[in-house]
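Participant: Residues per chain are reported as follows:
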Amino acid sequence: MRIHSASEILERQRARQVAGLHGRRWCRPLQLSLVAGFVVLFSDVQAADPALTTSRPQQPFSVRWASAPSDTNRVTVEVLGLSQAALEKLRRANWKTGQWQQVLSVYAEQGDLIADVGLLPMLGSYRIQSELLRFEPQFRLEPGLTYRAVFRPDQLPGQSDFRGGAISAVYQARSRATNPTTVVTQIYPSAEVLPENLLKFYLHFSAPMSRGRIYEHIHLRDETGKVIELPFLEIDEELWNPDMTRLTLFIDPGRIKREVRPLEDVGPALEAGRQYTLAIDRAWKDGSGNALKDDFQKVFKVGPPDRDPPEPERWNIQSPKSGTRDPLSITFPKPMDHALAQRVIHVMDPDGRLVEGKAALENHECRWTFAPTRNWRRGPHKVAVQTTLEDLAGNNIGKPFEVDLFEGVPRRFTNSVVKLPFAVR
Amino acid sequence: MKRITQNILLTLLALGVVLPAAHAANWTADMKEGKPAFKSMGPLAFGPEGILFVADTKGAAIVAVATGDTTPASGAASLKVEGINQKIAGLLGASADQILIDDLVINPLSRNAYLAVSRGRSSDATPVLIRVKADGQPELVALDKTRFSRAELPDAPVDGVVGQGNRTSNPRQESITDIAFFQDRVLIAGMSNEEFASTLRAIPFPFKTVANGTSVEIYHGAHGKFETRSPVRTFVPFNIGNEPHLLAAYTCTPLVQFPIKELKPGAKIKGKTIAELGNRNRPLDMIVYQKDGKDYLLLANTSRGVMKISTDRIENADSITDPVTGGGKKGQPYETIEAWKGVDQLDRFDQQNVVVLRRGEGGSLNLESLPLP
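Keeping their order, the protein sequence lines are chains A and B.
Numbered per our numbering, the first sequence spans residues 11 to 435.
Numbered per our numbering, the second sequence spans residues 4 to 376.
These are calculated hints, taken from the structure and not from any lab test.
Wrong hints could be hidden among the right ones.
To be verified - Quick look at which bits of chain B chain A covers, simulated, 3 or more residues with Cβ under 8 Å:
{"id": "1", "region": "91-100"}
{"id": "2", "region": "140-149"}
{"id": "3", "region": "173-179"}
{"id": "4", "region": "283-291"}
C-beta atoms are modelled at their ideal positions from N, C-alpha and C, and glycine is treated no differently.
The whole structure should be built from the sequences, with the hints applied where relevant.
Facilitator: Structural data, given as structure tokens:
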């Protein structure tokens with residue numbers, strides 16, 4: 011049971027004592043709890059059927075949570091018992107939100123005394139519909155939160171002499187399932203030996219994840235179990251794919267050996283000849299708010315740095331046969347970046363048009379395969395490779411990650427293409 | 004946030020360099036009225052006449068919103084909102100844990116604070132724009148019926164490759180790390196979740212054609228004889244001599260300058276590193292301000308606090324080309340504002356004050372104005 015402020019509980023108790031109480035399934039235990047005391051009262055509210063909680067005064071008003079007529083997945087607050095005269099005045103009132111909130115406010119309780127002092131009413135729309143006043147929250151209710159509607163009859167037009175006090179109704183939004191199911195499915199590069207100047211990891215998850223303070227859940231340790239301090243580029247925007255099932259994790263360029271400034275002070279994140287563990291802790295929450303099902307570890311050794319740009323002319327292309335959908339296969343002398351190799355390598359048919367199909371990587375990202383959606387045509391084809399392709403160390407085609415200024419290596423800035431011919435027979 | 008422009012504009016006005024008169028009347032002429040669609044809200048920047056530029060990373064777009072919030076602020080004022088995340092949570096009917104504040108910007112006309120907020124942490128989170136006026140009460144900025152225009156940020160075209168080919172779904176996404184308005188352009192720093200590169204686009208405003216964004220890559224040579232790519236984290240326009248420059252803080256903390264006029268399509272821009280600000284640190288947000296007749300930079304960092312950086316003799320600053328060792332400070336002198344702990348975001352409030360978003364005890368976030376140091 012969450013801890014709520016004494017003032018809230020007292021307010022609820024007062025409201026219910028003034029209003030009387032009415033409910034469905036929880037009516038009886040709630041009546042008992044009133045005798046037992048307000049702490050038990052709240053416990054009963056938590057246990058109530060989230061479909062409906064109601065607080066109905068003896069006369070003449072009542073407040074209840076109910077499904078919206080237009081969308082049964084949305085809940086609204088209804089105030090019943092308003093006189094025809096009051097309804098008519100409200101219908102014509104043309105009030106601003108602040109004025110409506112004087113009559114009916116709905117609060118999303120934050121769960122502690124400090125936070126709930128000065129809590130602002132939720133935004134939503136107010137309508138007079140037939141015999142009732144309806145509040146519809148602007149945003150969907152958050153699973154697991156407690157919402158409190160407070161109706162103040164004395165704020166109604168012509169009701170300033172009403173002596174009954176405020177009436178409230180509490181709604182406990184049903185919690186999401188808390189059964190952890192999401193796991194880390196793969197970390198790329200998948201090889202067991204990675205270059206000392208490795209630039210990035212891709213973390214793949216089985217379901218969408220949540221963002222915010224993610225780096226607390228990612229750790230790099232050496233073979234003695236010592237935590238490597240700040241090895242990653244921690245970017246507030248967090249580099250997710252659109253559905254948040256893949257996170258890109260860059261090694262801080264300042265921690266890549268023979269490189270940028272902080273190196274002299276803090277040393278490289280990865281050193282050749284050593285072994286490391288990339289650990290993802292299960293406390294990381296997925297998009298549903300559940301922790302991961304398990305911790306995940308990738309153990310890898312570190313080899314020499316790679317400062318050589320990829321050389322497509324050294325790739326081995328294995329052509330498919332015409333009239334089949336056999337995969338085209340390209341073997342690289344070294345692994346390529348998992349994401350880029352799937353996105354920036356294309357196949358062009360004899361007419362120069364792109365061949366539709368699906369690319370995949372195998373053999374620790376050393377083999378690229380492409381399965382066409384239609385049979386291969388006989389004739390000369392080309393593999394078109396954008397020069398933005400990177401190897402594991404961020405070297406592009408024709409452009410190493412680092413440029414030695416004294417050697418005068420020119421940089422290229424165009425997103426150009428290298429074409430590799432192959433024949434389909 | 005990044006207040007871009009105001010300092011530069013004030014400087015240009017002081018120099019007698021006025022903006023083209025044609026622009027003044029036409030900033031909103033091409034806008035349409037309706038409800039702009041947002042998939043996300045990221046960095047914010049104010050332009051002229053209360054126009055707010057909102058970066059939508061998921062939607063790969065910049066949306067210019069005519070807020071209509073153009074009534075000049077009157078009199079001295081301050082701002083202090085404790086637990087701003089909790090207040091916003093109440094307003095949006097969520098728990099404070101589900102409220103992420105992605106940027107803060109102050110409308111230079113009204114001095115109202117605008118916050119880019121995400122209600123939720125998952126891929127279906129709802130982006131909302133929140134305004135905090137002088138009374139300290141956050142309110143939702145209704146965007147159902149507003150004047151706006153939108154510029155899409157398409158991927159750079161690839162020479163000789165047309166069509167989708169095997170790209171049935173594209174997991175590539177370019178995160179917008181900062182935006183700013185300068186004269187008649189929106190400057191956008193971006194970073195891909197695949198290629199390791201920093202891009203900076205300059206898009207003319209008012210947005211005329213949606214596809215004419217240009218992209219450049221910026222390099223700096225602060226690391227001995229090697230130069231490397233690195234993403235821009237935050238930047239501000241700043242006049243050096245009479246030449247408008249960008250001062251950019253990179254994710255690995257050097258402060259780099261380069262002339263804005265070099266921002267041309269396909270250009271190679273090599274920045275000049277003018278300060279090394281220490282290791283184990285990331286820059287978060289930066290503004291320019293004047294005090295006692297001098298210009299300063301105010302830079303919020305992850306682990307080295309808020310730095311007040313002198314711009315004295317910046318026009319003659321030597322480029323730092325040697326590795327910096329033993330503590331990692333070199334170049335433009337700076338002092339750390341020790342009393343300002345936990346600052347994540349900042350923007351200038353008025354001539355004397357800055358507004359910061361800072362972490363307080365117990366995880367609450369406070370929005371408050373502080374005297375410029």
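Participant: Look at each hint and say if it fits the structure.
Facilitator: Structure-based check of each hint:
1. 91-100: holds (count 8)
2. 140-149: holds (count 3)
3. 173-179: Result for this restraint: holds, n = 6.
4. 283-291: holds (count 3)
Violation of the numbered hints given earlier is absent; every hint is satisfied by the structure.
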